[in-house]
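J.: If you want the building blocks of each chain, they are given just below.
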Amino acid sequence: EAGVTQSPRYAVLQEGQAVSFWCDPISGHDTLYWYQQPRDQGPQLLVYFRDEAVIDNSQLPSDRFSAVRPKGTNSTLKIQSAKQGDTATYLCASSRGANSDYTFGSGTRLLVI
Amino acid sequence: TQTVSQSDAHVTVFEGDSVELRCNYSYGGSIYLSWYIQHHGHGLQFLLKYYSGNPVVQGVNGFEAEFSKSDSSFHLRKASVHWSDSAVYFCAVSANSGTYQRFGTGTKLQVVP
Numbered sequence: 001e002a003g004v005t006q007s008p009r010y011a012v013l014q015e016g017q018a019v020s021f022w023c024d025p026i027s028g029h030d031t032l033y034w035y036q037q038p039r040d041q042g043p044q045l046l047v048y049f050r051d052e053a054v055i056d057n058s059q060l061p062s063d064r065f066s067a068v069r070p071k072g073t074n075s076t077l078k079i080q081s082a083k084q085g086d087t088a089t090y091l092c093a094s095s096r097g098a099n100s101d102y103t104f105g106s107g108t109r110l111l112v113i
Numbered sequence: 114t115q116t117v118s119q120s121d122a123h124v125t126v127f128e129g130d131s132v133e134l135r136c137n138y139s140y141g142g143s144i145y146l147s148w149y150i151q152h153h154g155h156g157l158q159f160l161l162k163y164y165s166g167n168p169v170v171q172g173v174n175g176f177e178a179e180f181s182k183s184d185s186s187f188h189l190r191k192a193s194v195h196w197s198d199s200a201v202y203f204c205a206v207s208a209n210s211g212t213y214q215r216f217g218t219g220t221k222l223q224v225v226p
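For the record, the sequence lines run as chains A and B.
Read in this note's numbering, the first sequence has 82 at position 82, and its numbers run on one by one without any break.
Counting the second sequence from 1 gives a position; this note's numbering is that position plus 113.
There may be inaccurate statements among the hints.
[Stated by the list, open to error] Listed next, the stretches of chain B that the computed footprint assigns to chain A, with coverage defined by at least 3 CB atoms under 8 Å from CB atoms of chain A:
1) 152-159
2) 205-219
[Claimed, not checked] Calculated cross-link-like contacts (lysine-lysine; reagent style DSBU-like; alpha-carbon spacing at most 35 Å):
3) B:K221 to A:K83
4) B:K162 to B:K221
5) B:K162 to A:K71
6) B:K182 to A:K78
I should point out that these hints are in silico values taken from the structure, not numbers from a laboratory.
Quick reminder that beta carbons are idealized off the backbone N, C-alpha and C, glycines included.
Input sequences plus hints: build the corresponding full structure.
T.: What follows is the structure, given as structure tokens:
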């Protein structure tokens, strides 16, 4: 079974620039999560989907971040105007249902200068 | 709301020693607990989980964890560590009714040859 695929692996931006992260979950996994992991910290949820529906985006900075999963498969996370505080690794994970183990992608490491 | 804490930021042991990584949680209802491992530059990998039944659960690579309701704990143990076990270990918690997993701040395990 193929794992969770994320791209790009790395991104370097200046403040104010936009960036999109892409995630291809494991086939058949209905639930997809985006986590932000600052350096030397634990992952913190940004948003998660069940199929194409947003279940919880309460921790997504909605003025600059957006996330979609239009067909219930791949997902895109976008930062409209990056800030230095957005520097982190962005992890995508998927699972079959809510209470099951997550499979994580390798993450996208973002540096905003 | 569920919370999880990992009190040890760093643990150093010699190869062949046993190790226990501590995790405490706060939640009043039925709970789903997991441990994940993260090698440098990679995403998280699932190790083991507990949601009901036998409080001692076995995971991959000789890891096990024990759930204690009285202590609100889910500590991870390994009887004899190998240098390849050096990584960051994350404890995660979610409500058994099905929400997203909240991660602790992680414990960095260093195994000295």
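J.: So which of those numbered hints doesn't the model satisfy?
T.: Number 6 - this is the single hint that the structure violates.
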